[in-house]
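S.K.: Residue numbers (the numbering used here), protein chains in the order written: chain A, 1 to 528; chain B, 1 to 528.
Bear in mind the hints are in silico, worked out from the structure with no lab data behind them. Watch out, some of these pointers could steer you wrong.
Copies of the same chain look alike in the list, so a pair counts if it fits in one copy or across any two.
Said to hold, decoys possible - With a straight-line Cα cutoff of 20 Å, these simulated EDC-like cross-link-like pairs (lysine to aspartate or glutamate) come out:
#1 229 x 250
#2 417 x 256
#3 51 x 436
Residues per chain are reported as follows:
Number of protein chains: 2
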Amino acid sequence: MITGKNNIGNKQSNKGNQIFNTYNATTGEPLSDRFYAATDDEVEEAVSLAKFAFPIYSKTSQKKRAKFLAAIADEIMNLGEVLIKRASLETALPEARLEGERGRTVNQLRMFAKLLEEGNWVKASIDTAMPDRQPIPKPDLRKMFKALGPVVVFGASNFPLAYSTAGGDTASALAAGCPVIVKSHPAHAGTGELVSGAILKAAEKTGMPNGVFSNLNDAGYTVGTALVKTPAIKAVGFTGSQRGGRALMDHAAQREEPIPVYAEMGSINPVLLLEEAIKKRAVEFGKIYAGSVTLGVGQFCTNPGLMIGIEGESLNAFIQSLAEEIKKALPEEMLTDGIAAAYSSGLDKVLSQKNVKVEGVTTTENSKLQSRPLLASTSGNNFINNPNLHEEVFGPFSLVVKCKDKAELKLVVEKLKGQLTATVIAEENEIVEYSEIIESLSNKVGRIIFNGVPTGVEVCPSMHHGGPYPASSDSKFTAVGVDAITRFVRPLSYQNWPENLLPDELKNSNPLGIWRTVNGKLSQDQIL
Amino acid sequence: MITGKNNIGNKQSNKGNQIFNTYNATTGEPLSDRFYAATDDEVEEAVSLAKFAFPIYSKTSQKKRAKFLAAIADEIMNLGEVLIKRASLETALPEARLEGERGRTVNQLRMFAKLLEEGNWVKASIDTAMPDRQPIPKPDLRKMFKALGPVVVFGASNFPLAYSTAGGDTASALAAGCPVIVKSHPAHAGTGELVSGAILKAAEKTGMPNGVFSNLNDAGYTVGTALVKTPAIKAVGFTGSQRGGRALMDHAAQREEPIPVYAEMGSINPVLLLEEAIKKRAVEFGKIYAGSVTLGVGQFCTNPGLMIGIEGESLNAFIQSLAEEIKKALPEEMLTDGIAAAYSSGLDKVLSQKNVKVEGVTTTENSKLQSRPLLASTSGNNFINNPNLHEEVFGPFSLVVKCKDKAELKLVVEKLKGQLTATVIAEENEIVEYSEIIESLSNKVGRIIFNGVPTGVEVCPSMHHGGPYPASSDSKFTAVGVDAITRFVRPLSYQNWPENLLPDELKNSNPLGIWRTVNGKLSQDQIL
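With the rest of the complex left out, here is chain A (with noise of 0.2 Å):
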């Protein structure tokens, strides 16, 4: 069933002689599938389909994509049980995680579906013209979003279906009309293989043009830098490292024409205690956060890896809480034996930093692709003078910064880098009491949560994942919820244009029946 070839376009190929093999992430034993990485002519081939599809691509009617979307869900359904027995292989995480992951991957597809359907999303704009305008006429000009061009985006390793080949980097380009190369990501390259195929059956069978989507692998970054400094390429797409993600970013903004990379690098989600909530409810919250902290192998990139409180009773006992679930906590196989040994490493440096004290570590033995559940604590003089301690050490770990006082706190906040999350865990006395360091804190932040946990990522319009760098590359966008379509568009205006060589959306008669701003107003209404 895996060839272990890439697909450029709808031709499999592998023309190259690198081959890698991915692995059981449970056994650490290679898998016997080989993968070709692609070679330099393969790159160019998908690239030049890809530039080849575009302009027919994107000029497709919305309707038509939200049915290739939806046909691309139907497809990833229809590998059934191979897919997620796979994806299961080549990451460890267990099969159940992998079955809602791929419910939330296909109610993606159909999300940006609906959203194609409904059409709203183009932002619409028409002022009319006034001839009569004294001193001069005022033009018909007319403006809606249009499609950047072919995309790259590289697939997380955390998410091998809802961030990989067909997740919401891939369908946001795709609504928006962008045809997309995916990197394979070479932990995955077998569950990647399987969602490619699934992709371009639903493009053949909704008769979209040859090299809307191509999959190319590689183990190493050769493929993945040529594809980011390739001119035809318009914009790119990542989730990962912050190491990785801004090597992508300097080598788009070294091009002779600098693309946008939007690239979601993670972060430690600050999580604010405030006394008064944690002194009547430490166990409690105590318990909810060993539960975030651990949720899949602490490999979310929202994982709650920094707690900030006032030391004392209150945040003692919510300590102790935490730190007695994390002892009966149990090692679990991380997703890459690469991961588990940055894991451990990240943990040996931060243990070795001076004043930091294990607060809580796992009672069982784990094995070397496994994680080691652990709760570290520190004072906030000794966080606020070593950035040794504001790193992300990706897994299940966090660190509590004990302040002396509130106002060692605010340093403490201000000392911080910009985060996907942060989380007050207050009463709402303290949030009045706080709100400069709170205002502080959501400067930095692209979510903020009251009294909750920051893992669970809800995909909805209101949702912001994004935030001020490095947590990610451009704060303006949100890389979960429809609104991640914004990143693969710019505005085009038209002026003068003859009214039937319009596109529908901006047409007097408004067809589609979608919301514009006219002259100013919103409206479903015709022209007259």
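Since the structure of chain A is already known, use the hints to place chain B on it.
M.R.: Quick look at chain B alone, frame taken from chain A:
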């Protein structure tokens, strides 16, 4: 009246000893006022005031910010003749033109004030909770735009009012809730100081925090570069040359925290001349285009610098009509001696290329400070193979490319870089006939015009002024019209946030009566 000092918030400051002058742009004589380039200390002071002002200013109500913007407009009008005369002195632009530009400037400020009073632009989106949802409850999520942080604005030489100190970039950044530091344009530093005074008076009258606005002088690049590299600065607005814009983009991309630079860098604004249309109206279009090419001494970023047609009688008739007018056009003083010199050497460079022919040039002798209106032509093949002919020559110049057939015309269009605009002179049936070429053209531009001229950028919601690189740094954003405000904001989601502590825009009761997306549907209603 002019002090030559920097405005560091509400304080005037001249700590430095680097002094420069502005010039009478008509005579080339230096003016008597001495301007003090800001020192490193002064830059730092302005930045730290802006940083201090940000949390206060960004939290002011939209209505209060609207009053501030309207007050700026009033104070600019209160400057009266003094402003117009100073601007005319420093730019050689006629007073009537500058009165028009002042009108545009205050209208822009009032347009953003109105936008804030209406309040819809924040894109409020609310998804209400579903506590009973299975398998997990749905949280309450509410999202709206939030200001980015302190912004640096670089004014344009060619719009000393509308795209300079209190121009579109400043107006939109202030509207968004961002403090602004203007790096004053050294060619019209006196005009800049007058306008800065108006802004600061308005800030005081409407109770804005000190640091909401500063104005720094420098005849070189030191101050601007330092500002863009400063961590507290979160975005940059720029209007000017490609070289200048790219330098700022590179500085911004290389920061530890990269920031967006919104650079509007001009372009050659290709005009497609299709046969039937120019056959019918060669003389008329020739005259219209002579007006567009020479408007404002050709110093508009939408100046039509390239015209493309298929060789033959019709094109020749058009060229002849246009050339006749160009011969009659008078040399005029350009904005600065530097710009006049650059125009002259730009012309020399184009005319020294192989197979470039002068079709018409002003018959009046020009001084060193004046433009020399000129029309040249070349063959399609020559254009395709000579990138030197693809560059902007800023001034009253245009190059006609004579293609031998439709296929060559297609290749010429494919060679074009990103542009602010393209114009198609055509009969309606020709738009259909040339649809593939026009589609290719529209993929390279921010605005496409039918049977008109690209000059004259209407300020309205449906205007998009920005195009693929190098026309602008980010094709997603416009420098003109209300949507320009979105350059300086990012979304922030609130999860399960207490109702009474939410911003008014997100409260159930919708106290501002704004349009919001509630559970995916647009509505002005309260949430019950």
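S.K.: Does each hint hold? Answer for all of them.
M.R.: Here's how the hints hold up against the structure:
For a Cα distance limit of 20 Å, the shortest separation of residue 229 from residue 250 qualifies both inside one copy, at 10 Å, and across copies, at 16 Å. In this homomeric assembly, residue 417 and residue 256 come within 20 Å of each other (Cα to Cα) only across copies, at 11 Å, whereas the closest approach inside a single copy is 30 Å. Taking the closest pair of Cα atoms, residue 51 and residue 436 come within 20 Å of each other only across two copies (14 Å); inside a single copy the shortest separation is 50 Å, beyond that limit.
Of the numbered hints stated above, none is contradicted by the structure.
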